[in-house]
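Asks: Protein sequence lines correspond, in order, to chains X and P. Heads up: the first sequence at position 446 corresponds to 627 in the numbering used here, and the numbers run straight through without jumps. Heads up: the second sequence at position 137 corresponds to 173 in the numbering used here, and the numbers run straight through without jumps.
Note that these hints are calculated values from the structure, not bench results. One or more of the hints may lead you astray.
Stated by the list, open to error - Cβ-Cβ distance ranges computed for the label pairs, FRET-style:
no., chain 1, residue 1, chain 2, residue 2, range
1, X, Gly-647, P, Gly-76, 40 to 50 angstroms
2, P, Ala-299, X, Gly-456, 50 to 60 angstroms
3, P, Gln-226, X, Asp-550, 54 to 64 angstroms
4, P, Glu-255, X, Ser-656, 29 to 39 angstroms
These figures come from a predicted structure and were not determined experimentally. Note that the Cβ used here is the ideal one computed from N, Cα and C, for glycine as well.
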Amino acid sequence: MDDLLTDAVKALLTDHCTPAVVRAIEAGQSRAALWQQLEASGFADALVPESAGGAGLALADVYPVLELCGSFAVPVPLGETLLARGLLAHAGVSAPKGSVVFGTAQLASDGQLHCAQVRCGTQADWVLVSWGGACRLLSAADAQVQVAGFCLDAQLSWPQAAWDAAQAVPGTHDLVTLQAALYAAQLAGALMAVFSRTLQYANDRQQFGKPIGKFQAIQHQLSVTAEQAFAARMAAQIGCRSATSQPERLRVAVAKARTSEAALEVAALSHSIHGAIGFTAEFDLQLFTRRLHAWRQAGGSESYWHSVVGEHAVAAPGLSAAASLKPGVLAVSAVEHPCILKPAAQLARQGWQVRHLAVDGAGRVKIEDYAEVLLDKPRLVSIMLANNETGVVQDVAALANAASATGAWFHTDAVQAFGKHPLSFRQLNAAGVDALTLSAHKIGGPKGSAALVRDRQLPLMPLVYGGGQEQGLRSGTENVAAIVGFGVACARAVTHLEARIAQARSLQQHLEGWLKSRGAVVFSEAATRLPNTTFAAFPGVDGETLVSLLDRQGIAISSGAACGSGKDGVSAVLVAMGVDPLLAKGAIRISLGMMPSGANTIEEVDRLIGQLDKILSQLQRFAAVA
Amino acid sequence: MNFGAPVGSHWIADRQSGPLLIKYGTETQKQRYLPAICRGEAFFCIGMSEPGSGSDLASVRTRAVPHESGWLLNGQKIWTTNAHNCHFMIALVRTSGETTDRHKGLSQVIVDLSLPGVTVRPIVDQSGDSHFCEVFFDNVQLSPDALVGDEGGGWEQVTAELAFERSGPERLFSSIALFDEWLAYVRTPQGRTPQAQRLAGKILSQLAPLRAMSVAITEKLTRGESPVVEAALVKDLGTGVEQLIPAAIADDLFSRDAADVPAELLNTLNYITQVAPSYSLRGGTRDILRGMIARGLGLR
């Protein structure tokens, strides 16, 4: 199938896309005859599904056609149209008749939409324009055309009204990557054409009584030309290796970078070997070497794509297993939520040394112990901003500062703190926090959406691969409904924060005042805590019992065991704080609502106090009887 | 390697000596050597270059003269990697005719390096290693079955063997340990710069297509073909990247603050820099390879 297609395209181009035709179109003569032949052949519909009248091929299948566009220096946008029609078909848009090229638009101060550097812009009937994340089909006939750069390229401008009236192409489309894949393939074709012409010349041209190819200097230049051409072809094929009609960005990055490098070297070598004749307009070499430069520049030159590959490399596993994320020291506080402790335990099984940072009796990370752990140069430190059981707020800015001085990355779990405590990632980042996590469900938002806020320098690897969502970091179609809900909840979580904190604080004091008068121990009282969280215990009174008795009265609190990762019904956080296990068994957590949509009132707190009072009295009566 | 397998001494047999015997050896030779190679009990080295015969391999002077008990071997080989740790050598020698006959009259023989008359002398190189050796043959008595393939078929055979030597994917990775170590540094807060990221991308963009080409060549070799020109092409390109790595990484590291660069990384860089010239010498110099490629691709 692939050879039939290639042979057919080659035959067509040999007959109808001769150097004379290329020159004529470059000189401004009509492309109609050539374009008719190409349209009639159906090659431009290769990627269009069969149900829509195309060949239903994948990108990998049409690579040879794209390469031939390069080997024949095709002066019309066959490659662009082929790719555009594939994209349009898959977006559910019927392609217009005629040639299509790609453009990226900017709105100028004159109110016009400018697409700079439209490749083959002078030969286009339609332009698939990308602007502000959206794509539309604009007619080239309506545009102001100004030749720019390569003789067939142009800047195209439209009044904004043209955009407004244009057909929208649904979906997000990466036209930059698509074009780069095309130009990599065309470069490969042009490189092969230049190589074979140069080889021919070295065999034909005689000097000193023999073909110049007999001279070692020429042989070497030819072999370097061959090396670059073959490596470029392999790279371009890699760029089109996709089972769908759309290319993969990392593969395209390798393809475009490598073919661009090769183009530069081969253009120079071929002119070197050809001597003066190759420099003339009359000789055909320049038809190809001008394109080598033009396509090297189009769709991003090598440095751009080197950065793309490099960014992936610096965030992704290395070439050999040995280079990928060598285990080191990981430091987490002893009071983290299982969402941190459990992955840490798993990493320990993979060779990481996990240090649990000790806390004092009030639940604060012990500074002297922390400094000692930092001497072991942990690669990552994770300390939560506010604890979900005790409500204790750690001095994360200071802790992060100390960590970054040793070169460690710092993460903080801010899930519990958000909406209850002032939170600024910018400020924390300035102090050394590299990443922070939040969840919608803790701020009255829907379950199923969360966020990782991070410093761009933090290298991350995906855990889940697939469609490339979330910048490739977390594939899987996004839960848009939950995310929108998260957004709404976030907006509310930051409104009137000071006032809500003050209100919750006064309720907390009221509640804790009563608890203590009734003989309860309030954990972490000495520490800075969230204003809505009370973690306490009545000595000798089982926490679970209080929870179920209050539940019968329609009041929901939790026991120390239910909150976290404790064993034997005892909170691991309290254990880490050195609290007596017997006392810890009595632990109850009361979280007062403080979100705008559901803040608890003083009446509700008093009702809780009333019920607790009754329950405690009953339990004491029973205890007395027993 | 985790179990202490002798990879350094095994790889030549694995890469080319074994495949050569598979292609040209007798059944007896295959039975004798191949299982021992697989068990890591037979290490092979390559006897090609001589002091007077580097790029002009066809001019070798070491001779194996037919003898009632087999072959009598006299001469000398040089630049023989790891000979001091090997059991056997497959050597290109003259078995008939004169040096002026060039490719005609050359054969390959298996030399048991423990035989009387064999002397091995390691050569110290500029990096302080002594991987290369001189090997002297003074009336070494080889058995009749020491001959590999056809008598006089040595040139065709050594050409095929060189395709094996030049084709392996490892031919891209001579300096990869340095790249990996540098990349690990680039992933740290101090190491990460836009320039370093671009350089990582540049190196990877060159390695990826080469690896794909190398795999394609291996497929041809497995099918019994002799992709001689392709192997030379990939080797020449590959050594270019292998040498680019220490040069470009040095530029990156020494454009930074000295205090930011780990000492271990600098040691690796220093070592690889000193070994790097050998990449484009061993297995055929750059100049020879380029001549081969050009002629192989259609120069009259």
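Asks: If you test the structure against every hint from before, which numbers come out violated?
Replies: 3
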